[in-house]
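Model the full assembly from the supplied sequences, consistent with the hints where possible.
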Amino acid sequence: MTVAPADNLVTVTIDGVEVAVPKGTLVIRAAEQAGVAIPRFCDHPLLEPVGACRQCLVEIPDAGNGRGFPKPQPSCTMTVADGMRVETQQTSEPAARAQRDVLELMLINHPLDCPICDKGGECPLQNQALEHGRGQSRYDGVKRTYAKPIPLSPQLLLDRERCVLCARCTRFAEQISGDPLIGLLERGAKQQIGAFDGVPYNSYFSGNVVQICPVGAITSQAYRFAARPFDLVSTVTTCEHCAAGCQLRVDHRHYEVKRRQAGDDPAANQEWSCDVGRFAFASARGDDRLTRPLRRGPDGLEPAAWPDAIDAVAAALSRAQGRVGLQTGGRLTLETALSYARFAHAVLGTADVDFRARPQSPEEAQFLAAAVAGRGPGQAVSYADLDRARRVVLVGFEPEDESPIVFLRLRRAVLRHGLKVQVVAPLLSPGSRKLSAQLIPAPPGAEAAALAGLEGLDADCVILVGERLAGSPGALSALLAVARSSAAAWAWIPRRAGELAALEAGLLPGLLPGGRPWDDPGARAQLAAAWGIENWPPAPGRSAVEQFQAVLDGQLSVLVLGGLELADLPDPALARRAIEKADFVLSLEQRRSEIAQLADVVLPVGLLEETSGTFIDWQRRFRPVAQVVDRPRSGLTEIRLLSVLAQALGSDLGWRDAAGAAAAWDGLPAWTGPSPAPPAVPVPAADRSAAAGAGLRLASWRELIDDSRRLDRADELAASARPVAVRLSPATAARLGLDRPGAGPVELVGPAGSARFDLVLDSSLVDDVVWAPARAPGDRSLAGLGLAPGDPVRLSSGGDQ
Amino acid sequence: MSGPQPDPVPSPADRSAGPADARSDADLLTSDQTLADLRQLIERYPEPRSALLPMLHLVQSVEGRVSSQGVELCAQLLGLTAAQVAGVATFYTMYKRRPAGRHHIGVCTTALCAVMGGDAVLAAVQRRLGVEPEQTTADGLFSLERVECNAACDFAPVMMVNWEFMDNMTPAKAEALLDDLAAGREVQSSRGATITSWREAERVLAGFPDGRADQGPSAGPASLSGVELSLKSGWTADAFPPPDQPTAGGESR
Amino acid sequence: MTQPLVPVLTANWGQERSWKLDSYVAQGGYRALRLALGRSAAEVMAEVKDAQLRGRGGAGFPTGLKWSFVPQDNPNPKYLVVNGDESEPGTCKDVPLLMASPHTLVEGVIISAYAIGAHTAFIYVRGEVLHPIRRVRQAVEEAYAAGYLGRDVLGSGFDLDIIVHAGAGAYICGEETALLNSLEGRRGQPRLRPPFPAVAGLYASPTVINNVESIASVPAIIARGKDWFTSMGTEKSKGFTIYSLSGHVAHPGQYEAPLGLTMARLLELAGGVRAGHQLKFFTPGGSSTPILTAEHLDTRLDYEGLAEVGTMLGTKAMQIFDETTSVVRTTLRWVEFYKHESCGKCTPCREGTWWLVQLLHKLEAGQGQDGDVDKLLSVCDDITGKTFCTLAEGAVACVTSAVRHFRSEFEVGYTTPAWEHLPYDASALFPVESEGGRA
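Residue numbers (my numbering), protein chains in the order written: chain P, 1 to 801; chain Z, 1 to 253; chain L, 1 to 439.
Hints listed in this document are in silico derivations from the structure and should not be mistaken for laboratory results.
A hint or two may mislead.
[Claimed, not checked] Listed below are the simulated DMTMM-like cross-link pairs for lysine to aspartate or glutamate, each with C-alpha atoms no more than 25 Å apart in a straight line:
| no. | chain 1 | residue 1 | chain 2 | residue 2 |
| --- | --- | --- | --- | --- |
| 1 | P | K581 | P | D311 |
| 2 | P | K190 | Z | E134 |
| 3 | P | K148 | P | D113 |
| 4 | P | K71 | L | E308 |
| 5 | L | K236 | Z | D238 |
The following block contains the structure:
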């Protein structure tokens, strides 16, 4: 929080306690600073004041001008004035009475179903009624009743008779996430919350309304009747789903997580979370959870004893003599990533490490090594910078899908501070529209040119780029060039929570932990001293894609793959061929997967909720991951497992747990040597094939809710996904003859197959580009069709052939 | 639109059979004419959303109520969500979610009209039509509503037909009026035009005049009580300032 | 004693085709507009301010002062919005004006918009009055055709557009911020203040909202001058106004008079209570103003006189009830009105009116229990002073004033239905065949 200059402060006296607060502070907030909690229902610090519930009435005997208000005033809408005196329920009988009166009215139509209400035990209304309500109601009339519950969406249920019409949920939907799909309906005593028939409240942020509902009116299918609040054990931790760095409060009972709620981190998620963070936590509870090692035998993978499996792995890794490729995915903590790094460099003697289970390029690796790695919070853009910025340019980055809290913070800045958002993209997405963003139209591949062409940038501007720019040649080079010349700030925001930690841990070819360039002999010497590395491989290591190629070329013989999904990889077919050809494949997995099914040995690893560690969010803040349940079903964390393997190989990982890894990280000296050179890939010449009519190009990204396996066993969440469709501009659709009404689905054709999609005409879309979701459910992954963004693609009427 | 009604007392089932031409109403809603009219309404305002109330009047003039389709059409034209439009459509009592009759009858039963005989008028209308308030007759000819004060208290008890005034009602007058309407005879509002239909009235409310502004009197008799007394008594505005008061500038403060 | 009535706004209501432009102009209409356009906007504003015209829509806030709150240096457009949502029970003055002489209002709008620098004005009329809306729309069209509206009004360089907007059934839209929400195509629920509409009203721009009668009074003030206006009325209630009489009175209707005559005098002008009956109670300014009884007949009908007896001038709507009337029944109907019209935004109004209606139903049906009258007052106490806007205060005022004057009649409800105590048939203006006296 910024400290207001003294001349901006006013002094108010609340229940005799003097506090100095910034001008414009609401009385209810000032009271909090004076240590006085005024009861409230509609008030929420992150929503615009509304003054609807009237529970927070206080007496104001002096408004600062010597005159008081004759009647109690709502403290949630009144701002302080210098010299104001406020008397709350604690010191004023009229205030206490006013609050009791309002409470009595609030309760006349409220059901007495606390014993079966999810909110019971943590309900502000219940607490207020118990503390200040009458023991017995004076109301003997007819209570308002409704059919109950009614669905607001696949995820949310509404019990209208419990609702106190505080409008927190509807204000959240409108003011915060910009999805006003629920609203107040009807009038007067019949007023109620509701969605429109047939248009469910499907928002990426809908779960927040459950959390901010001050009664049990809105509940989630996922948690309804699942537990009582007083039976839950809460743990504060960090969300593992993206790099936003959200604080979560995870509640578990009997070693099973029951629900997750947004924590309160003003420097990141404030009090919000996205629905994936909130609801996607049960994916490993299915029958596919691995709890015992598997080893390939004559009949395929069979359960194996731990010693046998470890011995088999050790034997294979010894035989490989360093010809091992190691890929970890982007979801590990810093401690686990560092363990893999040491395992690769010090135990296996390989530099072929890569965390990027996604599109990648040498330009990107150079960019990450030169401009991203080795930087702390002081050297990076933060959420607060987004609040302060005059202009933010998004390139290859769709915040609502790829970092939802960044989206919320941008939207807040747009609404509160007049931030102007521009987006370099082929179309205005739903998220861009909610940011009132200006489109800088760019077909895929034209990002570098668009970046180079940005005008009017200065130090008050921020450029946010996503990991997808790896697929757009020259774009990351252009970013660094334009940032250098304009003084604009920039940030690289990856989708996955573990990418920055993996980068810092050195799980990137050409890079060592702490941002040390592999090429720098001094850097290698430092690490060799720290980790006891005697021999270095001759070259700085291969990227993930190069590793697969090297297996096919016979240069690598063993693959160690942790937490990887084939469908996530830029070329799943190549990966599959390599995995099939490798002499030996070790898969470290929580659940059976396509890759695990192809492996020679599969070792089960623990869930994140069973371990602790650190994520690095996109602001470069180190965010603690706390162990939530203390009974790991697999028995071993990845770190412990790597240490066991090291031992079996006659070596030593150097630590056995996250604390040891963290100590090792802290013990590494900061790298003060030169950084690697930044990439300098030129802006590609205008693409000839982009000329009108030459053909279609593919634009795509992953939507927040798609067929990702992390959403398994969160069926309601999955059901709230956006409708799956490909998009075309009306002109392009007309050119292709696909614009006739009722034309039905279209067929998207790639080199490896085709898939059927509904077609939506979108006038914001650049001509001759088709946009498609990267990972639509139903085997419609674009990578599976052999397609990547920017590729030429064919689209035909679904009736063809 | 919003699920079951929350009245503690279950409301009687809607006896309306609905118009036989419901399908054609839906088609009319998306006709070029309706779309052009809706767009014209949007054009009239500095900000598009201001046109929503008139648009909903127009929607029900076309389809005889505000259906889900009507809500979605307005939402689409204004760039709003259907929930936002539904929130508005359900707030105002003039928007009918079930098909209104050809003639929409409103009987005022707020305190003054009720006491002066409005309750008796309503009872007579209910008997004659065989429906309760908020219902439509099976033949689709009449819908009935208990209206709140309609700003015609000096003509109490008051009844509205398609939002035209029927002043100084009695049960007998109300029944005769309903008979005339049912028979298709021409009916004149006490202080308004000849009765057309609820839908035509809604179109006028939306902002498309029907050329009937010059029908009817300038005012009803009660409206003129004071001015006629003044005329008779020779009282005019010119009598001021009265002779015993100083004129401009003479006052001290 | 000067003349008790003064026809100004009502003067032409009985004339042939009074609603037409030519008829209005023949009566001197639009003369005031020419006078106003010949003066500066500030001068016009000062004239209205000095005339001490107070809002005629209920609150009585000085109109000119309201205008002066518009920040003229605000870069946003300024708007004038006329509140024609006349819905307060008993109130029936604006609707006849809109019907009989819409040009009086249009002329007032043009002058007022000129004074505050607005180039767009809205006339918001409740939707349930079809014919007045026809007449106002036509008047606006006529005014455009005659050059009183549009670009360069009468060659003055002043531009003005008027948009006539029909509401859709919501009493609360008479509350000015709810009206703005409604005019913006939203639910008609009141807004927080501050910001006040004068600073951030329609489309977050400076906006003046005035009642129909207030704006319609402006041409006369301009044409005849502030001194003419202030020569009428009482010390703090200047000018003339329209009193609306309804109910058990010989000649109900609109009586335009200088402010401050007594109820006794007004009732006398209207021919007294209906023949053979006596006054029981009346509302001085619509149902939201505490009722009075025969003991208050000598009260001056101005802002101060009525405040002295604990009520308000409100909309100057006198609903007169004779001795046949059940006060329990009228109170219930009024409270039902407020319940029906409660917007639902705040707890005390939404829930409180719900409760009051149930208690009053029991009392009307003779099913009250000992203590219910006190409970009724206690629920009123729960509500009062805690609501977002003043709608529910109207419901509270009905109940508390009725109980104050007629407590024993409410207590009859512990044993006897109101329709048995005071058969309802007797109140009707016509013979009623009814069952059990319950008309």
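Outcome of the hint check:
1. Restraint check for K581/P and D311/P: the C-alpha separation of about 22 Å stays at or below 25 Å, so the hint holds.
2. At most 25 Å may separate the alpha-carbon atoms for a hinted pair to count; K190/P and E134/Z meet this at roughly 16 Å.
3. Annotation: proposed proximity of K148/P to D113/P holds, straight-line Cα distance about 12 Å (limit 25 Å).
4. Of the pairs offered as hints, the one joining K71/P and E308/L holds, with about 20 Å between alpha carbons and a cut-off of 25 Å not exceeded.
5. This hinted pair checks out: K236/L and D238/Z have alpha carbons roughly 22 Å apart, not beyond 25 Å.
In this structure, none of the earlier numbered hints is contradicted; all agree with it.
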